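4 protein chains.
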Amino acid sequence: MTTMDVLPSPVRLQALDKPGQPAVTPALEELYRGFEQEMLVPLWTEIGSLMPLHPQSKATPHLWRWNNLRRLADQAGHIVPVGRGGERRAIALANPSLGGRPYASPTLWAAIQYLMPGEDAPEHRHSQHAFRFVVEGEGVWTVVNGDSIRMSRGDFLPQGGWNWHAHHNSATEPMAWIDGLDIPFAYHNECAFFEFGRDEIPPEEHTTPEFSFSERLWGYPGLRPVSQLESTASSPLLAYRWVDTDKALNEQLALEAEGYAATLSPGHAAVRYSNPTNGRDVLPTIRCEMHRLRTGAASQTRREVGSSVYQVFDGTGTVRVGERQWQVQRGDMFVVPSWQPFTAQADNGQASLDLFRFCDAPIFEAIQGHRVQMG
Amino acid sequence: MTTMDVLPSPVRLQALDKPGQPAVTPALEELYRGFEQEMLVPLWTEIGSLMPLHPQSKATPHLWRWNNLRRLADQAGHIVPVGRGGERRAIALANPSLGGRPYASPTLWAAIQYLMPGEDAPEHRHSQHAFRFVVEGEGVWTVVNGDSIRMSRGDFLPQGGWNWHAHHNSATEPMAWIDGLDIPFAYHNECAFFEFGRDEIPPEEHTTPEFSFSERLWGYPGLRPVSQLESTASSPLLAYRWVDTDKALNEQLALEAEGYAATLSPGHAAVRYSNPTNGRDVLPTIRCEMHRLRTGAASQTRREVGSSVYQVFDGTGTVRVGERQWQVQRGDMFVVPSWQPFTAQADNGQASLDLFRFCDAPIFEAIQGHRVQMG
Amino acid sequence: MTTMDVLPSPVRLQALDKPGQPAVTPALEELYRGFEQEMLVPLWTEIGSLMPLHPQSKATPHLWRWNNLRRLADQAGHIVPVGRGGERRAIALANPSLGGRPYASPTLWAAIQYLMPGEDAPEHRHSQHAFRFVVEGEGVWTVVNGDSIRMSRGDFLPQGGWNWHAHHNSATEPMAWIDGLDIPFAYHNECAFFEFGRDEIPPEEHTTPEFSFSERLWGYPGLRPVSQLESTASSPLLAYRWVDTDKALNEQLALEAEGYAATLSPGHAAVRYSNPTNGRDVLPTIRCEMHRLRTGAASQTRREVGSSVYQVFDGTGTVRVGERQWQVQRGDMFVVPSWQPFTAQADNGQASLDLFRFCDAPIFEAIQGHRVQMG
Amino acid sequence: MTTMDVLPSPVRLQALDKPGQPAVTPALEELYRGFEQEMLVPLWTEIGSLMPLHPQSKATPHLWRWNNLRRLADQAGHIVPVGRGGERRAIALANPSLGGRPYASPTLWAAIQYLMPGEDAPEHRHSQHAFRFVVEGEGVWTVVNGDSIRMSRGDFLPQGGWNWHAHHNSATEPMAWIDGLDIPFAYHNECAFFEFGRDEIPPEEHTTPEFSFSERLWGYPGLRPVSQLESTASSPLLAYRWVDTDKALNEQLALEAEGYAATLSPGHAAVRYSNPTNGRDVLPTIRCEMHRLRTGAASQTRREVGSSVYQVFDGTGTVRVGERQWQVQRGDMFVVPSWQPFTAQADNGQASLDLFRFCDAPIFEAIQGHRVQMG
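Chains as they are written, first to last, in this note's numbering: chain A, 1 to 375; chain B, 1 to 375; chain C, 1 to 375; chain D, 1 to 375.
Errors might be hidden in some of the hints.
As the list makes no split between identical chains, a pair holds if one copy fits it or if it spans any two.
Stated by the list, open to error - Listed next, the in silico SDA-like pairs over lysine to any residue satisfying Cα-Cα at most 25 Å (straight line):
1. Lys247 <-> Pro236
2. Lys247 <-> Arg320
3. Lys247 <-> Phe211
4. Lys18 <-> Gln345
5. Lys18 <-> Thr343
If you are wondering where the hints come from, they were derived from the structure by calculation, not from laboratory data. These numbers come from a predicted model, not from an experiment.
Generate the whole structure from the sequences, applying the supplied hints.
Quick look at the structure:
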C-alpha cells in the first residue's frame, strides 16, 4: 500500500486565496466545486510546483554511514531469515523527504544486502535492472542463468532485467554488498514485471569458480565472440573486476601526468562500466562509474538532470551536495538529488579518494531530455 | 507543495505483524527502530507492492464527459483571467486514485484549454513535451517560435519541448481544445525546465495564416527540405491536418476491403503521428495516434506497459478498460492505466468510431522495457 | 565479359624507370620478376594513382542531349523487342572515359527506358536499388509486388532492391522515362543478386489506378500506418507525385522571400526524397533530390565525395562541371564525377531551372567517409 | 594511370550476333552506331554479366606462400629504399584475374610490409582504413598521432582513416608484417584523400613503450574513460594483444567442452575485433577476426557477400575456396572471392589451426545489402 493509494479523493483545491490566484468569489468557489466533482484540477493553482524553472528535487541530500549500515545488516542477519517471499535480506536507503519509502531518490533504489555463511537467496527475475557492488568482503557468488559469479572487493556485477538470479554464501563469514536498482522508477512509471524461480539452488550450481562463463566469453578488451553478435539491452559481461578498474584509473592519472588528455579534470580520473555489445551504459536505465580523485584533488562542480547515489570505495575526503557537506570514508553512501550541485575533494595524504557512483542518466538521455551544467 | 513533501519522516514500518513477515520479537522491534533511526527500509516488508508480478497501476480507469469539461471550461472562461503566472486556462483531468493531483495517469497530463475571443496566452517554453488536439471549434492560432499555426477540428499540433509558444484567439467565439503533456513524468522523475517568454505577443505575430511556415516546409509526404537534414528530437511539422488523417484512415479501410493488409485488425484502421526527420514518434516521450473502428467493428483486446489517454473524436461506441465499461461519444475522454486490458467497439449504424489516443510508450521503448500483450 | 576479365595476367611493372622510383639495376629487375612470378605488386610504383590527394575520378563530365536519347530510344522501340532475357528496353549512358561500359559514373547506372503502346516488360527482381523518374509523357504503370503505380511527368518512383517489378504501357503512345540504379557499384563490389519472375503480367494486374496501394497507405505527411511500424531499408512509398514536389519547392522560395530560412542558398530550393519509416534516403545506396533555381539564381559551387547524375526537368540554364560548361534544357542529362566542382545557374527569364539529381552519397555516409566542400 | 583510363572510347557493341539478341539487320546496325556516337549502351547486350543471379567474382581464389612473401620482402629490403614518395616498403597481393592490379580482391588490399633495422617509414594520413597484423617478429613501433605502438607476434593494430601514422624499426633485425586496407574499394568508388605528414619522426617519438597510450586508456574489458564518451568511426584502441586473443579463443573451446554455447560450431572458436565505443567493427569498412579450429575440426561451409583475405597464424590444415583447395601453414595468405564457398579444416595432431581473417562485410551491412549462406 503506497502513500498515494491512501490519500483521499476527490481533488481538494487548497490554493484559493493566494497571491497570483484569481480573487475568491462565489462564482470561483462554485467553479472549484465543479472541478472537484468532475475530478479536475486547474493548471493555474499548480503550475509553480509542477513546472519549476529547473528540477527541484523532492529528495534531500543525505548521508548513510557504512558502520551503521553494516551493523544493522549484521543484526538483521541474526534475526531475519532469508527466503521465498521476502526474497532478499536487503535493507534500502530511504531518503528523508520521500515519505518513508525505500527510495534513495525518486528513481533509484540502493540497499545493503547481507548473507550469512551457508545461506542462499532464492531464485527470481524481474524487469528492473540491478547491479551489485562490493566494498568489502568475499565469499558470495551470484548465480545468473546458471552462471556462478564471484563477488570480491571492488567488483561490479551488472544484472540486466529479466535474468534469473540467486545468491549463495559459500564462505565461513557473513558478507555484505550493495545493490542498486531502478525500482522506484519502475514503480512510479508502472513498467515492472516479476517472476519467482526455483526455491532452491541445485547443488551443481553451488559452484565457486574464480571466473564466470560470462567473463571467460566476454572479458577481453575489444574482442567479441563471433557466436554472439547481437546488441543486447544490458551487458553480457557479468563481472567487472577491480584489478581492471583500478589499473584503468591509475593509468588515466599517469597519462595525465605525462601530458596526455585522459582525465575528466586535473586529478580526476573516471571510468564508466559499459556494455561491450554497443559501448553504451551497462544497463539501459542505470549508469555506473568509478571515480578517483588524486590526493588533494577536487572534482569540478556539476549539476545534472537525474539523481546519483555514491559509495566511497576507498580513501577519505569531503563531499558537497547542494547545501550539505560531509567528511566521508570507506563504505559511506550518499545521494545527490536532481540538479543539485555536487563536488568532491580528496583529503591530502597518502591515498586517493575512490567513489563508486550510479545514476539514472541513461533514462533521460534515451528520451533526449538530459542536461548537465558545469562550474 | 506536493503530497510527498508534506508526509512526515522518519520511516514507519507498519508491516510488523503480518503473514510472511518475521515473528515480532524484542530483537526485531529493536532492529526496526534502528532502521527508522538510520533512514532505512527493508525489502522484505515492501516487496509485494514495490515489485509486483506485473504493473499494478496506482491509476484507475476513469471517464470524463465532454459536456462537463466544456461547461466548466466555459465557466472558467468567464471568471478566471488568463495571463502571466497562471500561464494558461487549462483544466486537467485528475485521476481519482492519484491523490487529487492533476495527473490523468502517473506519467500523463491531459487538460482542456480554453481561450475567450480576443484573448492571448503569454509566451513561455518548457522541457516538457506537449501537443494540442482539436475536437471542435476554431479560431485559435498557436504561435511557435514566431510561426502561427491554425487550429481546426481534427488537427493535431505537436509541441516539442523547449520551443517558445503562445496562443491567440482571433475569432469571435471562445474555443476549447485538449492539451497533452508529460508533466507528471517530468515531475516525478525531476527533469523539467521552464522559462518565461514575452508577456505580449507582438502585433505582427497575431497573424492567422491558413498554413504555418512549418507545414509549408515539411507538409509533403516523404519530401525533406535539403536545408534541414538533421534528425530532431521532436517533429518539425507543427500541424497534422484532419484532411490527411481522415483520408489515411478511410484508405486503410478501403484497402482492407480490397484484400490488402492495411489495418491493425479487421475494421480497425490506425495512423501514428510521426517525426518526418526519423520516422519515430512525433514527441520523444508521447505517442499520438488516431484510430478508426468501422461501424460495428471491435478492436483486439490489448494490454500494454504504460498508460494511455483517449478522446472520442467522432461516432459512438463502447469502451472497456479493466473492469470498467462506458458508452462514449464525441469529446469524451478516458484513461487506460498501465497493463489494464483495453477494447473499443463502434456502435452499429452510420458512423465509424474515431478515437484519438496518446500514451507514454516511447519512454519504455527507449529504455527497452516496453511490453504488449494481445488478446 | 568485362574489360578487367580480358586483361592478361601476370602483373606487369611498367614503372621501372621513372622519377621517384628506385634506380633500375639487375637486382631490381630480378626483384620485379620475382614479384610478377608470385602475383605481387609493390606500393611504391602505384601509390600516386591509387592513393591520390583527393578523389580523381576515372569518369569525365559529360552531357547527353534529351532529343538524342529520345530519338534513339524511339528507334529502338521500333526494332528491338522487349522480353525475357533482355528484360528491359533500357539504354544506358556510358561515360566516355569508363571504357565503353554502361556506367554513367563508376557507381551509377542511368538509362532511358522505352515502352511501345501495349507492351509489357516482364517481371524480375534484383538486389540493386532502382528508381524511375518521368520527364515527359504518361501511360506506363510499374507493377511492384502486384501494386500498379502510375507514372506521369514529374513523378519519382523508388524501387528498393529485391522487390518484384514489371511495367506495362496501357496507352496509345510510346513512353520514355529514366531509370537510375546502383548497378556499377554492385558490379564492382560484387554484391548483386537477380531473380526472374513471371513472364507475363496477369490480366488482373494490368490495372491503371490513379493512385497505388502504397500511396493510399503511406502518402500523407508524417502519418504512419500503425500496421506497419518497422523501419525498412527502402521507402515503402512507391510514388512521389509532382504536385507535392512542385509545391514544396515553390513554398521554399516563397518562405525565403518572407524572410524564413527554407532554401539552401538564395534562390536555390531543394527537396530530398526520403523514406518515411526512418527519414533517411529513399534508397540505401542512392540519394534522390529535386532542385529549383529561381530565374537568374545560381547554386553555390559544391564538391562532394561520390558522383551525381542530373536531368533537367524544366527551364533552361548553364551548368558547370569541373572544366566543362553547358547550356541545358528539358531532359538533358549530365554527370558530375566525384569531387569535381559543380554549379548551376538558371537563365534569366520567365521560368526557374528544375534539376532532378541522384547520387551515391548514402554509401559514403553509411561508412562515415563522406565529405563535402562548398565554395 | 589505370587500366580503365587507357581503354579507347567510344562504346563498342560486340554482342551483335548472339543467341538471345535481336536479329542483326541494317536498322539494328544503324541503331548501334547511333548508340556509339552518343555514348550509350543498351541493357540487353550486357545484362547477363552486369546483373548475375548471384555475385560472380572477377577475383580468383588464390594462395600466396609466406616463404615467398618473406623472401621477396627481404630482397626488397636490401635494394629498395623506404621514404617520402614511395612511402612504404609494402608489396601487395595481386589477384591473378584482376588485371595485374594490386588488389587481393575488388575491394581489399593486402600487403607484406618490411622495415630494415633502424629504418623509419615517413608520416602520412589517408582516408582509407588500415590495420597491421603480425605473424612473426618484433621490433617495429607504429606511431599514430604521436602514440608509439609496439608490434609483436599475434598483435592486431587497427588504423582508422585520417590519422597520422609512421613506423620505426628500433631493433637489430628486419621485421615483416601484413597490412590490410580498403584501397581498391576507395579507388573504384572514388572516395579517397591523402595527406603527407612530417618527413622525419622526431627523436622524442622514437619511443618503444611496452604499451601505447591508447591501450592504457582503452585496454580494459567494458571500461570506458569518462573523458571520451563519443562513438568514433574507428576503434580508439590501437592494439589488440595476442595474449587476450589467444585466451579468448581457448576459453571458447573450453566453454564448449563444458557444455556452454560459446563457439560458432563444434571446435570452431572465433573472435571479432570491435570498436569499444559502439561494439561495431573495428573499422567502418573492414571486419577483422581471428578463428581457431581445434585439431581435426572443420568450419561450416559459408558463402558470403563480399571478399575475405586470410592469413594462417598458426597450425596447419586444409582450406577450400570455391573449386580450389590448399594445404596451408604459418603465414600463408589466401583470398576468398565474393559468394565463393569457404571451408577450413585443422589437421589432426597437436595444434589447432589459427586463421586471421579480414573482409569487407561492414560495407554491405551498412547499406543493408549483406547476405550469408551456410552449408
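Among the hints numbered above, which are violated by the structure, and what are their numbers in rising order? As far as the earlier hints go, 2, 4 and 5 are violated by this structure, in ascending order.
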